[in-house]
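*Asks:* Same order as they appear, the protein sequences are chains A and B. Okay, so the first sequence: first residue is 138 according to our numbering, each after it adds one. Okay, so the second sequence: first residue is 4 according to our numbering, each after it adds one.
Since the hints were derived computationally from the structure, they do not count as laboratory data. Where hints are given, some of them may not hold.
Taking lysine-lysine and the BS3-like style, the derived pairs with C-alpha atoms no more than 30 Å apart in a straight line are [stated by the list, open to error]: (1) B:170 with A:274; (2) B:311 with A:247; (3) A:313 with B:170; (4) B:92 with A:365; (5) B:311 with A:204; (6) B:311 with A:574; (7) B:311 with A:230; (8) B:92 with A:366.
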Amino acid sequence: MTSTTWKRLAPLAIAIALLAAACGGREDSGTSSSSSTTEGATGAFIDPAKDCDNYQGTQGIAGDTIKVGTIRPASGPYAIYDQVTTGLDSYFKAQNAKGGIKAGDGKSYKVELIKEDDGYDPARTPQVAKKLVEQDKVFALVGVIGTENNKAIREYMNDNCVPNLALATGSPEWGKANEFPWYVSALPSYATEANAWATYLKTAKPNAKIALLFQDDDFGKSYETALKKAITGTDLKIVGEQSFNPLSGSTTEAAVTQLSQSGADTFIVGIGGTPCPKTLSFVPDTWKPTTIISVTCASKTALSLAGGKDQGVIVAQATLDPADAADAATEQVKTFFAEGATAGLSKDQMEGGIVSVGWGFGALFDKALAATKTVDRAGVVNGLFQFDNNVFGLIRPDVEVTTDNAKDPWLIEGFRIAERTGTGWTEKSPMANENGKSNSYAG
Amino acid sequence: MTGMLASVRSNWTRSKWITLVAWVAVGLVLLALPQQFPSFRVEQFCAWMALAVGACGLNLLTGYNGQISVGHGALYGVGAYTTAILITKAHWPMLAAAVAAAVVSFIFGVVIGLPALRIKGLYLALVTLAVATLFPLVIEQFPQLTGGSGGLAITSPRLYRGALRDKPIIFEPPTSALAEDQWKYYIFLAVTVVCFVLTRNLVRSRMGRSLVAIRDNEVAAEVSGVPVATVKILTFGISSGLAGIGGAMFALNNARVSPSSFTIVTSIYFLVAVVTGGAASIVGPAIGAVLYGVFIDVVSPELPERLKPASPVLLGVLLIVLMLTAPGGIVGIFRTMQGRLAARRLRSVSDNPPDAAVSAAT
Chain A
138 MTSTTWKRLA PLAIAIALLA AACGGREDSG TSSSSSTTEG ATGAFIDPAK
188 DCDNYQGTQG IAGDTIKVGT IRPASGPYAI YDQVTTGLDS YFKAQNAKGG
238 IKAGDGKSYK VELIKEDDGY DPARTPQVAK KLVEQDKVFA LVGVIGTENN
288 KAIREYMNDN CVPNLALATG SPEWGKANEF PWYVSALPSY ATEANAWATY
338 LKTAKPNAKI ALLFQDDDFG KSYETALKKA ITGTDLKIVG EQSFNPLSGS
388 TTEAAVTQLS QSGADTFIVG IGGTPCPKTL SFVPDTWKPT TIISVTCASK
438 TALSLAGGKD QGVIVAQATL DPADAADAAT EQVKTFFAEG ATAGLSKDQM
488 EGGIVSVGWG FGALFDKALA ATKTVDRAGV VNGLFQFDNN VFGLIRPDVE
538 VTTDNAKDPW LIEGFRIAER TGTGWTEKSP MANENGKSNS YAG
Chain B
4 MTGMLASVRS NWTRSKWITL VAWVAVGLVL LALPQQFPSF RVEQFCAWMA
54 LAVGACGLNL LTGYNGQISV GHGALYGVGA YTTAILITKA HWPMLAAAVA
104 AAVVSFIFGV VIGLPALRIK GLYLALVTLA VATLFPLVIE QFPQLTGGSG
154 GLAITSPRLY RGALRDKPII FEPPTSALAE DQWKYYIFLA VTVVCFVLTR
204 NLVRSRMGRS LVAIRDNEVA AEVSGVPVAT VKILTFGISS GLAGIGGAMF
254 ALNNARVSPS SFTIVTSIYF LVAVVTGGAA SIVGPAIGAV LYGVFIDVVS
304 PELPERLKPA SPVLLGVLLI VLMLTAPGGI VGIFRTMQGR LAARRLRSVS
354 DNPPDAAVSA AT
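Could you put the whole structure together from the sequences, leaning on the hints where they help?
*Replies:* Now the structure itself:
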């Protein structure tokens, strides 16, 4: 009496729901797009005939359109990085409006960007990356955000010979071009940046007593390791050291207070995101160290959170700052403002310093296409690895963007040291290029 | 009178027949799914199964035994890290590592469950909350073993283009007819079904009745001879063991673990899965896990660009609406309908003369 048809029907209803969801059908993986031949030019870094099992060189290219994918957090606590992707998208929109990107084969390509959200969770990145490659059939990934997120898909991208370009991370991990040739970072190595700080201190403050605050992850530890390596054998000394865990949900206040008592006269903030400017605001008025901050927080948007304590901080810069009056007068920034406006970016967005990073990623993909005569996957990566002083986006014009056929896999290895003055920067030490040395600065 | 009995009997056999057909249909669909979807989707299904097994464990504890745990994300993490470390560092085979993960999680669960003997309700929730909060921080303290905040890729040495290299683990299919992701799906499906069937048997056993008795009235249960302390701790252990198996599946599915996957948010996902599916029902957590997975992996990416950052808000609103309209979750909706229908049939049977009921039934 208690058993009724309804209860019995429940699983049937589930079955129907599942069946309804099961529409679609698995595509036959055997339908390979026409695999094109890459120039057998001797000296090309990647040779797909040798390096790839099932090379799909022109997947994602249809007529004059190239489909590329990107992965970023559009939800969750790191959703601020979505603005990087806005910049990337805007770059492609602006170029598409002008008729497309001119590639080395003489044709102009329009770029279609497919954005996916992994919530900054590296456990979800592989699924969305596979979706982009296998279902959307993108040509490459561009501007994927997060060190762990990029690491989580590295073997997959490499095994399938799909380029992952303009990584939005500067982990020293990306220097392994021989092992993972399909990965090219669009940022300088964090290790090279830390080395630039030490180089500056060696002349400006040779007996500096350093208080070091670093983020307790790959990002912060890259700084820590490289800095310690750079100061061995010098008179620079670390007198206080604190790490900060961004997952802990607390602030850096206690760490800053401790460091202020360490007797240090120099304060290095190896922290990113909003905790970085917040750290500046915690510095007590009685402590007046020379403060060096990570370039990831040297933007107008980030420094506006420092409670006015951003004045005089020092940063190693590789890019132009659209909010700086001197930089804004350069042709590169003027072009950015003009083209960005056609893609619908507001002045605030463009000056903020986050959108412009993504804009640069788009520009890098542009340059990579222009550098290859064969527009296919291997061709584009080989093109990138043949850069010879090929400045892109808002990279400072005196940075030598040179890759030397992957012997020098880092694109950006030059920094100038600048000091925050008002809403702009004053140069303290001119551009110094360290071509081919980035890997040696890492631990 | 005999007519009425006959009608009931024929109805019963008919509904039993419907059940059988329905479960066969569910089974066929589940078996067919990996043939129908691309590999990334199949891997998402695998992730949903991992979540379902973990939620099944939490349901045993919270739904049947009435102990609230906000710490199952941590136990899930214990399972995942045990698997990852044993495979990568000690070169254990996958199955053995997964079994070890269940055992280690069981032990952790028993230890965490000890305070539960004295602490109840919200206070117990706070203790487990502390466990959930501490877990990722503890993991980061042992970078040599766990990979620290950077996480750990689960690798095994394999021949790759002529050289032996540490490559992410894969589920080598026995025949070339199956792709790697499909084979993984079938293994996961088998494990999931076994976990749910064992839980069902447990709940219907003597121990299952003890669980419910303790939930409903601990004093009465003790007076009736239920060994409250043993049952409570054992429940915590078994529940954690299931979470550990779920964690092992999670780790094997991604071939990578990192502390950010096991924060307090993960614990809350488990509660969401249990509550939306329907607490204190066997299939409830599975339905909840699938619904949650569908929202995160299927619906959420299709949202218009402007709404994407608001998807957690949307999830929250949907949950509130569900809890207001169906406090018993999805299974609760079925139970309510079934109750109404039973009541109506009873009424119609007693209102009408037996002959009418017989003719209506035929």
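*Asks:* Which numbered conditions among the earlier hints are violated in the structure presented, ordered from lowest to highest?
*Replies:* 6
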